[in-house]
Amino acid sequence: MNNALQSPWVACHDCDTLYPAPSLAPGTLARCRHCGAVLARNPKGGLSRPIALHLAALILLILANAFPFLALDLQGRQQGTTLSGASLALFDAGMEWLGLVVFLTTVLLPFVYTASTLYVLIGVRQKADLPGLTRLLSWLSHLRPWGMLDVFMLGVLVSFVKLNSLANVIVGPALYAYTGLILVSAVATTSIEPERLWTALSGTARRRRSS
Amino acid sequence: MNHPLRACELGMARCHTCGLLARMPQQGNALCPRCQSRLHLRRPNSVSTTWALWLAAAILYLPANLLPVMTVVYLGAGQPDTIMSGIIYLFLNGNWPLALIVFVASMVIPILKLLALAYLLVSVQRESAWRKRQRTLLYRITELIGRWSMVDVFVVALLAALVQLDAFATISPGLGASAFAAVVILTMLAAMSFDPRLIWDHTFARGNNT
Chain A
7 MNNALQSPWV ACHDCDTLYP APSLAPGTLA RCRHCGAVLA RNPKGGLSRP IALHLAALIL
67 LILANAFPFL ALDLQGRQQG TTLSGASLAL FDAGMEWLGL VVFLTTVLLP FVYTASTLYV
127 LIGVRQKADL PGLTRLLSWL SHLRPWGMLD VFMLGVLVSF VKLNSLANVI VGPALYAYTG
187 LILVSAVATT SIEPERLWTA LSGTARRRRS S
Chain B
55 MNHPLRACEL GMARCHTCGL LARMPQQGNA LCPRCQSRLH LRRPNSVSTT WALWLAAAIL
115 YLPANLLPVM TVVYLGAGQP DTIMSGIIYL FLNGNWPLAL IVFVASMVIP ILKLLALAYL
175 LVSVQRESAW RKRQRTLLYR ITELIGRWSM VDVFVVALLA ALVQLDAFAT ISPGLGASAF
235 AAVVILTMLA AMSFDPRLIW DHTFARGNNT
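Chains as they are written, first to last, in this note's numbering: chain A, 7 to 217; chain B, 55 to 264.
The shape of chain A in the complex, shown without the other chains (with noise of 0.2 Å):
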């Protein structure tokens, strides 16, 4: 095979039967006729609507994190808090692992997976040969399920209730940004499909050998 960076067969995750690469038009995919898995997606927008949305998604995930979260105002005594808060909490109280975990699924795994991806987008868009790409593109798929941020949200929402009842709970400006950030990650997430990405790196890659 001389082109074995592109193959005319595609193999269904799930349950491995071949189908032929198919050809999707913007908006559509194609499933798998025994077991239903996606098979292939052609997101609408090519690659100007996702970089923006992650754009937008870095840009309010900095906000989220900049500015007081939430605050309790209890006879006159306010505590707030940050989205960061949650995790040194937890490291305050001597629980140094699990304020880890808060702390790389809430603030560090959302902000490194939304700027690897917005660099691969534009790496992709670009043409260029940035470095790591290649890593980076790969790393991306695993490190996605293990961003929290929208399992926080409701986390937020069950706090805000039972804390309503007790005291004054306070919103801060960074919820609004927090709020919009998790609207964005959704569209932003499905704008992408990582196949596409790395037929669009390898296509760049084989350009870059043959001149």
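Treat the hints as calculated values from the structure; they're not laboratory data. We put the beta carbon where it would ideally sit given N, CA and C, even for glycine. Each hint should be verified, as a subset may be incorrect.
To be verified - Label pairs and their in silico Cβ distance ranges:
id: 1; chain 1: A; residue 1: Leu30; chain 2: B; residue 2: Leu64; range: 16 to 26 Å
id: 2; chain 1: A; residue 1: His148; chain 2: B; residue 2: Leu64; range: 21 to 31 Å
id: 3; chain 1: A; residue 1: Glu201; chain 2: B; residue 2: Ala221; range: 52 to 62 Å
id: 4; chain 1: B; residue 1: Val158; chain 2: A; residue 2: Asn48; range: 27 to 37 Å
id: 5; chain 1: A; residue 1: Leu69; chain 2: B; residue 2: Leu59; range: 44 to 54 Å
id: 6; chain 1: B; residue 1: Val158; chain 2: A; residue 2: Leu114; range: 25 to 35 Å
id: 7; chain 1: B; residue 1: Arg194; chain 2: A; residue 2: Lys133; range: 33 to 43 Å
id: 8; chain 1: A; residue 1: Arg39; chain 2: B; residue 2: Thr125; range: 49 to 59 Å
id: 9; chain 1: B; residue 1: Tyr173; chain 2: A; residue 2: Val177; range: 39 to 49 Å
The hints should help you fit chain B onto chain A, whose structure is shown.
Okay, now just chain B, sitting in the frame of chain A:
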């Protein structure tokens, strides 16, 4: 032979990182030509790794529910709360929608995950041909909902961060929360190490056709 062609029958493996279909060499390790990840026909040692992680999660499920997840001290008097007592507290306070959410996320989902994974593992080890499509769907659901059980851990962390009002009220996190986070992470890893293609493997080898 009237069953669909599968990649493993042609000696071809799908790269688990980039999705490229490549031919496996007769011997030695193969690297994906596109992303240089290791190529495997199936996730290596899928069944044994999943069982090991499953067992660790099942064992930790006991301290996660028996040990307190947080201690609430209000005006000098305090008591530790387990996940269950937290749910009961919400329910008694008239907050039954929230009690239901926490109950589903923290008690129902982890148990269902463990049961589902155990069922899938046993069905694969017994080379069952029963309802392959539904079992694959069960796997997909298990993989998707697992992370939502972390909600309780986040609630404990948030409450501990917010309720630090000295002599008036303080909330401190408990070891139960650590155990619980470990259960969630272990079940997530267990679901990731299970290869759903195993469900379809032996069926076709026997010439069955569903």
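ask   = Leu69/A and Leu59/B, beta-carbon distance inside 44 to 54 Å?
value = Holds, since Leu69/A and Leu59/B (Cβ atoms, about 51 Å apart) stay within the stated range.
key: Range hint 52 to 62 Å (beta carbons of Glu201/A and Ala221/B) holds or violated   = Between Glu201/A and Ala221/B, where Cβ atoms are some 58 Å apart, the hint holds.
inquiry  = 27 to 37 Å was suggested as the range; check whether the CB atoms of Val158/B and Asn48/A agree with it.
reply    = 35 Å, holds
Beta-carbon spacing of Val158/B to Leu114/A - inside the hinted bounds 25 to 35 Å or not = 28 Å, holds
ask   = Within 33 to 43 Å or not, the Cβ separation of Arg194/B and Lys133/A?
value = At 35 Å between Cβs, range holds.
request  = Could you tell me whether the CB distance from His148/A to Leu64/B stays inside 21 to 31 Å?
outcome  = 27 Å, holds
ask   = Cβ-Cβ distance between Arg39/A and Thr125/B: within 49 to 59 Å?
value = 54 Å, holds
ask   = Per the hint of 39 to 49 Å, is the separation of the Cβ atoms of Tyr173/B and Val177/A within bounds?
value = 43 Å, holds
Hint check for Leu64/B and Leu30/A - Cβ pair distance inside 16 to 26 Å = 24 Å, holds
In the structure shown, no violation is registered for any of the earlier numbered hints.
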